[in-house]
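Residue numbers (numbering that gives the first Met the number 0), protein chains in the order written: chain S, 0 to 257; chain G, 0 to 257.
Check the hints yourself; a few may be wrong.
Copies of one chain are not kept apart here, so a pair can be met inside one copy or by any two copies together.
Only pairs whose alpha carbons sit at most 27 Å apart, straight line, appear in this in silico BS3-like list of lysine-lysine [claimed, not checked]:
| no. | residue 1 | residue 2 |
| --- | --- | --- |
| 1 | Lys125 | Lys20 |
| 2 | Lys41 | Lys30 |
| 3 | Lys65 | Lys41 |
| 4 | Lys91 | Lys65 |
| 5 | Lys231 | Lys55 |
| 6 | Lys65 | Lys49 |
| 7 | Lys20 | Lys65 |
| 8 | Lys125 | Lys114 |
| 9 | Lys45 | Lys55 |
It should be emphasised that the hints constitute simulated quantities derived from the structure, not laboratory data.
Here is what each chain is made of, one letter per residue.
There are 2 protein chains.
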Amino acid sequence: METLKVIKIGGNIIDSQDALKVFLADFSKLKGPKILVHGGGKLATKLANKMNIEVKMIEGRRVTDKATLEIITMIYAGKINKGMIAELQANKCNAMGFSGADGNTIISIKRPVKKIDFGFVGDIVKVNTETGNLLLNNNITPVFCAITHDANGQLLNTNADTIASELAIAFADIFNVELYFCFEKKGVLKDINDDDSIIEKINSKNYQSLIEQGLIVDGMLPKLVNCFNAIKNNVKKVCVGTSEMLFNPNSKFTTIEI
Amino acid sequence: METLKVIKIGGNIIDSQDALKVFLADFSKLKGPKILVHGGGKLATKLANKMNIEVKMIEGRRVTDKATLEIITMIYAGKINKGMIAELQANKCNAMGFSGADGNTIISIKRPVKKIDFGFVGDIVKVNTETGNLLLNNNITPVFCAITHDANGQLLNTNADTIASELAIAFADIFNVELYFCFEKKGVLKDINDDDSIIEKINSKNYQSLIEQGLIVDGMLPKLVNCFNAIKNNVKKVCVGTSEMLFNPNSKFTTIEI
């Protein structure tokens, strides 16, 4: 089977126009089939503030009422996604923007209300690879924003890490999939103040002890859940670090193993 | 050659959520390959007002500065396009959203500044049918918003009628193309106050006299330029009217002939 790289970008790479431009130029040069996944949190918050729409976060997750879903759809699928597609084309990377509704690719259900009502937030139930695969086979790079749909006409805000992980798992049926989570840190760090204190391997054995030592906290916890979910479901390689891990063979980063 | 319907919707069909829902349900039932094209003018103006961004129109055309281009990208490619894709999927029509940047499908140049600087407005120079055709051949319906790109990373606001017309012309190489401009009127009218005074045929012969009689004015003038451009360039059928012309064989509308 051919190797497919599924690359999720977040944090500073999205928030800084300059960093994004550099990343997309490098990304365009990557050989072989590839899928890009992005969120875009800070820009959505910025627009919500401008429009006097309250931003509500619970446990680090955005509560998505109707007005917030609109903002997210405008920012993620509109401004960020189309800006990225235009930039990729300028770099001769033929790309195609996706929400989960496009090609009926990612179907989710509105998260059931338990203690907290997260609103229009989707939990993924099915990934259809047909349209993405059709494009990949024609040298077109799918670029996914963090929106899915419920197949009944409702768009749903969905965590970009989870989208990347579920895409990787679904495409693992037809490709050797490598999954990369790129952000501003070089990986999972032993010492949050030391950028070079990278934990190079995390596996089921040392994971629990890393949590107990307090080395995996906040946003890193759900990210690692997504990592383990992927590696346990047929994804061949799962890595967390800066985008350098994609382009520089000598760079260090965190690899997640079973 | 197979018949391809290129359908542009504008006016009330876009501005009313209910009308759009009904249209998309009907559209989903249309047999055979089809392409949908939409703008979304009023919603963009609404968001610009909310954000205190000045809306500047010259000769009925929107002047597109950087802030306006952002709004248009968010509304057209984000809110409207993704809402439509989700609704089409709910109607079992497998659809895929496009800006002109996606699949490098519509390349334009920023309109040269003569008397008026329209800002980030694009004039189409090339249409690539490959990605659209790939999807059509796999029963996926492309849905285009009114944005193109210059292949150098710049998105450009582009008239939706012109996009529909240029797509129709490009696809005429591989399909028998029928082009439909749908809006709230039943066609070009003899008497603006009489909805049933439809001019059923407009051709090069009666066109000039219709203009001289003052029956073709304002937005209808550029629309008819797009119509004639299509019919003179290998598009088999060009019609203007309500969406009823697509679904009801007995309905009346305006047909443009050479």
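Hints and how they fare:
Proximity of lysine 125 and lysine 20 under a CA criterion of 27 Å is satisfied inter-copy only: 25 Å between copies versus 32 Å inside one chain copy. In the homo-oligomer, the alpha carbons of lysine 41 and lysine 30 never lie at most 27 Å apart, since the shortest distance is 30 Å inside one protomer and 43 Å across protomers. Both within a single protomer and between protomers do lysine 65 and lysine 41 lie at most 27 Å apart by alpha-carbon distance, with minima of 18 Å and 20 Å respectively. In the homo-oligomer, the alpha carbons of lysine 91 and lysine 65 lie at most 27 Å apart only across protomers (24 Å), although the nearest pairing inside one protomer, at 37 Å, exceeds that limit.
For the identical chains of this complex, lysine 231 and lysine 55 are neighbours neither inside a copy (33 Å) nor across copies (55 Å), given an alpha-carbon limit of 27 Å. Both within a single protomer and between protomers do lysine 65 and lysine 49 lie at most 27 Å apart by alpha-carbon distance, with minima of 17 Å and 17 Å respectively. Taking the shortest alpha-carbon separations for lysine 20 and lysine 65, only the inter-copy value of 18 Å comes in at or below 27 Å, while the best intra-copy value is 31 Å. Within a single copy, lysine 125 and lysine 114 get their C-alpha atoms as close as 25 Å, which meets the 27 Å cut-off; across copies the closest is 54 Å, which misses it.
In this assembly of identical chains, the alpha carbons of lysine 45 and lysine 55 lie at most 27 Å apart whether taken from the same copy (13 Å) or from different copies (24 Å).
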